[in-house]
Amino acid sequence: MRLKLLPVLLFTAVTAFAQTSKDFAVLLTAQVQESPANITLKWPADNTSGVTYNIYRKAKNAVRWTDSLTTLDNTATQYTDANVTVGTVYEYWVKKNKASLSSGRKSADGYITAGIKIPVVNSRGKMILLIDQNYVLPLANEITQLENDLIGDGWQLIRHDIARSSSVASVKSIVMNDYATQSNVVALFMLGRIPVPYSGAFGGSSSPPDGHPDHSGAWPADVYYGVMNTDIWTDNIVNDTVSGRIQNRNVPNDGKFDQIYLYPDTTVLQIGRVDLSNMPAFGISDTALIKRYLNKNHLFKWGMHKAERRGLVSDNFGAMAGEAFASTGYRAFSTMFGDSVTTVGGGGLYRTTMNTNSYLWAYGTGGGTYTSAGGIGTTSDMVNDSMLNVFSMLFGSYFGDWDSQNNFLRAPLAHKGWTLTNAWSGRPYWMFHPMALGENTGYCALITQNNIDGNKYLSPKINLGYTQNTAPTFIHTALMGDPALRMHPVMPVTNLTLSTINQERNVKLSWNKSTDENITGYQVFRSTTRNGNYVLAGSINSSDSTYTDYVSNNGVNYYLVKAVKLETSFSGSYYNTSIGVMDTISTKIYTGIADINTDRMFSIYPNPGVNNLMITAQVENAPVTVTLLDLNGRVVARQNWKNVHSTQVLELPAQHLSNGIYLVKIESNQLQSTKKWVLLR
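Taking our numbering, I'd label the letters of the sequence shown as residues 970 to 1650.
Keep in mind that the hints were calculated from the coordinates and are not lab data.
The reader is advised that the hints may include incorrect statements.
Simulated DEER-style distance windows between Cβ atoms [what the hints assert, rightly or not]:
#  : residue 1 : residue 2 : range
1  : Arg1128   : Asn1590   : 19 to 27 angstroms
2  : Ile1215   : Arg1603   : 35 to 43 angstroms
3  : Ser1511   : Thr1044   : 40 to 48 angstroms
4  : Ser1254   : Gln1608   : 43 to 51 angstroms
5  : Ala1014   : Ser1139   : 23 to 31 angstroms
6  : Ile1630   : Arg1474   : 16 to 24 angstroms
7  : Ser1004   : Tyr1519   : 32 to 40 angstroms
8  : Thr1057   : Gln1151   : 24 to 32 angstroms
9  : Ser1139   : Arg1603   : 33 to 41 angstroms
10 : Ser1004   : Lys1275   : 42 to 50 angstroms
11 : Leu1126   : Gln1374   : 30 to 38 angstroms
Quick list of in silico lysine-lysine cross-link-like pairs, DSSO-like style, CA-CA up to 27 angstroms [said to hold, decoys possible]:
#  : residue 1 : residue 2
12 : Lys1086   : Lys1075
13 : Lys1477   : Lys1644
14 : Lys1095   : Lys1075
We put the CB at the ideal spot given by N, CA and C, even for glycine.
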C-alpha cells in the first residue's frame, strides 16, 4: 500500500476559506413509507451549474456498492427507491460531483442507513468484557450494574479480570481463545487500565496521522486485539528512537509492533475502551472517575439522561483544501437529526453551549496538543465542565494519541456531565450514521476501522468504500467509551414482581408500564442463568402489564422484561427495546407427592431479611450445608452443621452482605433445594 505524507494540522480560522466543511457533505435524510414500500432520500438543493448526483445502494452487511442506481442533475433534491422490502436495512451513498469545489476534492458525499420497521434485535452476540482488577472490589456494585445493563440489552458476556501488570501478549491470547472456542463473539469492552498495544512506523515516508514529524513511531493500537491473524504483526523492523514522546519510540523486539495499516486484514471485533487512568487534572482517583462514568452510563441507558435529539458542530479548521474534517459531523448528524444541527464558533462555545443545553451528539475541531484543541478548550477546562452531550467526536493534533497524561480525547468521559463516548474523527472520518437506525457505537467503530484505502474510494465497487479520506485503516483508530451504547434509550418497566403459582410450578410476572411514548408492547425472556441464553417466553400487548409463564424451568429462573417501541428517526423506523429489567425466582416441577414434601422440608425467614438468615430443615440427625450465592453465582457465605434435627433453627450470618437478591442452597443426604432470599435493610 502506498504510504502518504500528511499535512500538519495547524490552527487556522475558518474565515480563511471560501468553502466550509459542510460543503463536502451531502446532508441526507430518509422518508419511508410502508405501503407501497419505498424509501425517499432527501438533501438540500444545490443549483450550481454542472452539479450531478450518483446514487448507490448496498445491503447493510455487503462489502461492495452496486453500480450507480441513477445519475441526477443539479435540480434534484430527492430520490425514491421503490425496490425495497419492509423490515430490510439498506445503505445508500449519494455522491455529489461539483467542479467548483476545492482542488483537493471535486465531490461531496453522504451516507445513510435506511429502512422501514426494522425488526427488534433480541440477541446482539457475545462480548468479551475485560475488567481492570483494581476495580473488582471497590466497584463491585457498579460493575454488576454494568453487566446487568449489557445482559439486559441482549449481550452475553465473557468476563476476565485483568491485572495491570499483564502483558499485551497475554491479553491477546485471552481474546483469541475466547474467539476461537466460543460462538458468535462480536465485541470487546475494556474497562480500566487494560494493557495498551502500540504499533506503527510513522515518520519518514509515512507521516503520523496528525502530520507532525515529532509525533513519529508507534501509536496506541487497540485494533490489534480485534485481528485474529497474528502473522501480520511484526516487531523487528522499525527503529525509531527520536519521537518526542518516549512512549511512541519503537525499536525491534520492544513489544511494539511495526504495522501502520490494518489493511489487508480486518478487525472482527467491535472494540471500545474506558480508561481514565493517568488523569490527575481531575483531582480524584481513576477509581472514582470510572465509578462516575459507570453511573452516568447506567442513567443514560435507563432513559434518565434525556439529551435533546440534535447535534452541535464547532469547526476551527475549515475546509482544509478538501479534507474538511468536520464534514464527518455534518454527514452523520443529518441522518440523525435532519436540520436540527447547530454550528458554533470557537472561543470555547462548544463547551459553554453544552454546559447549559443538551445535545445528543457533538463534533469539535481545532489545532491541538495532547491536552487541548484550539477553539474548543483544554482538559483543565473540562475538570469543571458538565457538558450535556452523550456522544462526541473531537479532532486536532496530538491528542488522537490517547494514551497520554490528561489526554483531551479521554477527558470528556471523565467530566461531570453526560458524555460517554469520543472518537478522533477527521483522519479518518468516522461512520456513525448507522446509529440513527439503532446500531451501537462498537459497530460503527468496526466499519470505520475496516474502511479501505482512500485511493480506491473513487470506484463504486470497493470493500466498504466510504468517503475519500486520509489515514484509512491506520492502526490508531479507536473508540473511547462503551461499545454497546445505542442512541435511543427507551424508558424501562419498573417494579417488576415475580411470584410462583400452581404449587410453585409456574411464574406470574407483573410490572409498571414504561412511561415512554409509542410503546407497542413488552417482551418477557427466560434463562436458567443470569448470563445465559435468554429465550423469548412471550410477547405482550402495550395495554397489558402481567404475564404468566407456564413453561418455566425446574429450579432457578432468570427473567428479563423489555419495553418495545417503534422508533422513528431521520433514517426511517425500527423496533427498539429498553434495557431488560431482571429478576429471578425458583420453581418446582413436581413429579409426585415425594417432591412436594421435599420442597416443604426447607424454609427460610425472615424474607425479606434485614440481618441474619434463619433456616429450618425437616431432617433428623443429618449433616446440612447451607450456601448463599449472589446473582453472579458467586458464593458469599457458607456454613456446615452436623446432626441437625427438625426442631433446630440454623442461623447464617449475613451482616457483611449488601442489599440484594441471593440464592439459598441447602444440601443434605435427606434433601436438596434452592430458594430465593431478599436482603433489604
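Check: Of the hints stated earlier, which fail here?
Finding: Numbers 1, 4, 5, 9, 10, 12, 14 - these are the hints that the structure violates, sorted from lowest upward.
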